[in-house]
Amino acid sequence: MEKNNKKLGIAVLGSGKAGKYHLYWYSKNKNCKIIGVYNRTKDNAASSVKRYDTKYFSDWKELVSNDDVDIVSICTPSNLHYGQALFSLKNNKHVLCEKPMAPTPDKCLEMIEESKKRKKTLSIMFNMRFHPVILGVNKVIDSIGDIFHIYINFPYFRKEANWRHMKGSGGGVLMENISHMIDLAGIWMKGKNIKYVSSESLIVNKDRGLDDQSLIITRYNDNSLVSIYGSYNDYGFYDYDKEAFYGTILGTEGKIVFIFNSYDRDFNHLYLIKDQKKAEIKIEIPDEIDEIYPGHLDSFKTVIDGFIDSILAGKCPPIKPEDGLKTTEIVNAAYLSEMRQEKIKFPFKDLSAIDPEIKHFKNK
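If you count by our numbering, then the sequence shown holds residues 608 to 971, one letter each, in order.
Incorrect hints may appear among the rest.
Under the rule of at most 27 Å between Cα atoms (straight-line distance), these lysine-lysine pairs were calculated in the BS3-like manner [what the hints assert, rightly or not]:
#1 Lys-614 - Lys-624
#2 Lys-802 - Lys-933
#3 Lys-668 - Lys-657
#4 Lys-797 - Lys-952
#5 Lys-724 - Lys-927
#6 Lys-746 - Lys-724
#7 Lys-927 - Lys-697
#8 Lys-668 - Lys-723
#9 Lys-952 - Lys-726
#10 Lys-922 - Lys-950
#11 Lys-950 - Lys-797
#12 Lys-746 - Lys-933
#13 Lys-635 - Lys-657
#14 Lys-640 - Lys-727
#15 Lys-614 - Lys-724
#16 Lys-862 - Lys-724
Hints in this document: simulated from the structure, not taken from any laboratory.
Put together the whole structure using the sequences plus the hints.
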């Protein structure tokens with residue numbers, strides 16, 4: 608372990624929902640000690656500071672620069688991730704960053720290069736990879752043959768128009784929600800090369816300045832497809848206050864259907880369809896589940912514990928920063944497709960030309 612077998616000092620930037628589940632799982636890890644919490648407003652951090660008997664910082668740079676801090680968890684608005692991660696790495700801290708990693712691929716590359724230069728671990732919070740439903744998908748996916756179409760949906764209804772929906776916040780539904788789905792689809796496509804990306808997006812709620820409705824299609828060189836739908840305006844089909852994450856994976860020898868919910872620990876289903884027969888695969892509910900998002904079960908815990916273990920062992924983290932780069936490349940291609948109204952071919956070489964806030968919408 609680092610620092611002569613002392614516990615790793617943790618700094619959490621941001622005390623919203625993401626910050627709270629980071630704090631919770633770090634507090635459960637025997638190798639960690641929470642040094643401090645930064646939040647723009649002290650009142651919003653008060654409950655976390657009291658619960659974890661830690662210190663509030665009004666200046667995130669002061670917290671990151673603290674000699675007792677070994678790890679910085681970045682849970683602030685998306686547009687702040689890049690600057691805070693780079694500053695942390697330059698101050699020789701390990702970094703766990705919420706998605707999206709950065710708004711553009713060139714900024715992702717800069718973060719990766721800095722982590723290598725400093726020999727510090729950099730990882731991205733793609734927790735859905737470790738949701739028990741998704742782990743179940745991974746166990747059976749080889750049984751359905753060659754994958755030719757994946758379609759995933761994240762219908763979500765938000766009445767509000769807050770910071771995450773405004774210009775300057777680092778991207779709309781494409782960046783915030785669809786990035787999770789892009790990450791998973793890339794894993795299930797098992798290294799297939801992308802041929803092109805196309806996308807159509809809208810601003811439905813006129814109080815928002817960023818995309819709140821989007822459809823993205825990725826075609827691969829073998830002509831297989833991934834289609835992903837994300838929305839902040841969709842009432843869903845069983846409870847409009849709760850988002851559902853569901854999808855279908857079509858293979859030459861069968862089909863997988865899955866669904867889970869961020870807030871309902873018991874709404875988890877996985878089906879395998881082969882030879883015209885449907886079998887439901889049982890999802891085991893872990894003993895420890897998240898307080899903020901019970902439906903995500905122990906996926907945040909798995910990411911954080913794996914991140915800590917990788918630091919202690921001097922190994923690569925379970926989620927590599929290059930995975931965040933790949934997702935950002937596809938999201939940026941989707942924004943470019945919307946702006947130009949054309950398919951964007953891969954490899955995607957224009958790494959720095961995209962402002963991840965759509966300038967043109969076909970919402971007539």
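We went through each hint and held it up to the structure:
no.: 1; hint: Lys-614 - Lys-624; result: holds, 25 Å
no.: 2; hint: Lys-802 - Lys-933; result: holds, 14 Å
no.: 3; hint: Lys-668 - Lys-657; result: holds, 21 Å
no.: 4; hint: Lys-797 - Lys-952; result: holds, 19 Å
no.: 5; hint: Lys-724 - Lys-927; result: holds, 16 Å
no.: 6; hint: Lys-746 - Lys-724; result: violated, 36 Å
no.: 7; hint: Lys-927 - Lys-697; result: holds, 19 Å
no.: 8; hint: Lys-668 - Lys-723; result: holds, 21 Å
no.: 9; hint: Lys-952 - Lys-726; result: violated, 34 Å
no.: 10; hint: Lys-922 - Lys-950; result: violated, 38 Å
no.: 11; hint: Lys-950 - Lys-797; result: holds, 22 Å
no.: 12; hint: Lys-746 - Lys-933; result: holds, 24 Å
no.: 13; hint: Lys-635 - Lys-657; result: holds, 16 Å
no.: 14; hint: Lys-640 - Lys-727; result: holds, 19 Å
no.: 15; hint: Lys-614 - Lys-724; result: holds, 24 Å
no.: 16; hint: Lys-862 - Lys-724; result: violated, 44 Å
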